[in-house]
Amino acid sequence: TQLLEQSPQFLSIQEGENLTVYCNSSSVFSSLQWYRQEPGEGPVLLVTVVTGGEVKKLKRLTFQFGDARKDSSLHITAAQPGDTGLYLCALLSGGFKTIFGAGTRLFVKA
Amino acid sequence: GAVVSQHPSRVICKSGTSVKIECRSLDFQATTMFWYRQFPKQSLMLMATSNEGSKATYEQGVEKDKFLINHASLTLSTLTVTSAHPEDSSFYICSARTLSAELYHFGPGTRLLVL
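Here the protein sequences come in this chain order: Y and B.
Quick note on numbering: the first sequence equals residues 1 to 110 in this note's numbering.
Quick note on numbering: the second sequence equals residues 1001 to 1115 in this note's numbering.
No wet-lab data here; the hints were simulated from the structure.
Quick reminder that beta carbons are idealized off the backbone N, C-alpha and C, glycines included.
Be a bit skeptical, because a hint or two may be false.
As the list claims (entries may be wrong) - No more than 20 Å apart at the CA atoms, straight line, and that leaves these computed lysine to aspartate or glutamate pairs for EDC-like:
id, chain 1, residue 1, chain 2, residue 2
1, Y, Lys-57, Y, Asp-83
2, B, Lys-1041, Y, Glu-17
3, B, Lys-1041, B, Glu-1102
4, Y, Lys-97, B, Glu-1059
5, Y, Lys-56, B, Asp-1065
6, Y, Lys-97, B, Glu-1052
Said to hold, decoys possible - These stretches of chain B come out as covered by chain Y in the derived footprint (C-beta under 8 Å, 3 or more residues):
id, region
7, 1011-1023
8, 1044-1057
9, 1074-1081
Stated by the list, open to error - For each label pair, taking beta carbons as the anchor points, the in silico distance ranges come out as:
id, chain 1, residue 1, chain 2, residue 2, range
10, B, Lys-1066, Y, Gly-95, 22 to 30 Å
11, Y, Gly-53, B, Asp-1027, 34 to 42 Å
12, B, His-1085, Y, Lys-59, 24 to 32 Å
13, Y, Glu-17, B, Leu-1076, 22 to 30 Å
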C-alpha cells in the first residue's frame, strides 16, 4: 500500500494549458515535499510545505498543503514543454527517510 | 553545480559479475546517505539507509547480502550489486543528508544494465 497516492499517473497536455496534480494520504504529515525528475537524472526538490493550508508559488507553479495536512496539490499555469517530467510528492518517514509517491508523469506538447 | 555525484553514470555488465556504485557528497559532510532504485516508468523506492561508520539499514524486501553498502567516510557511500542478474537492471540513485539534517541532496543516478 502506497503511503502517498498521486493522481493522475500520467498527463499529456498541449503547451499553454493549465493542470493540477494531486498527492493524497490517509495520514497526517508534518511536512510534504514536491520534486521534479527529468529522464536519466536525479530528482530535484521544488518546494517543502509545512503548515496546513499553506500556499507556495514558484513562478508558474503553485503548491498547496491541505488544511488537515493529509493532501497537497501542484498547479501549473500555462504549461511549457520544459515542464515535462516526473513530479513526485514525498514525505520524511521517521523524520529522516524520504519516501516518494508513485509520481505523475507529465508530457507537454509544443 | 552538483553537490552529490555518482560514479559511474552508467554501467553495463555481464550476469554474475559484481558492480560497485559510488556516491560522494562534494562540498558537505553527510552522516547519512540513502540508496534508491527506480525501474522504468516507476517512482524511486528506498533500498537502504547508510550511516557513516555503522551497518546500513535495509528496507523490507531488500537483500542485504546482494546489495552491499559501505559508508566509510562522511563524504562517500558505495553500493555493490553482487552477482548481478538482468532483473537488477535499474536506475540507482543516492541522496545525502547534511549534518544539520536540514537538506537532502540527490545524486544524478547510475543506470545499470545487466546482460
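For this structure, which hints from the list above don't hold up?
-> 2, 3, 5, 7, 9, 12, 13
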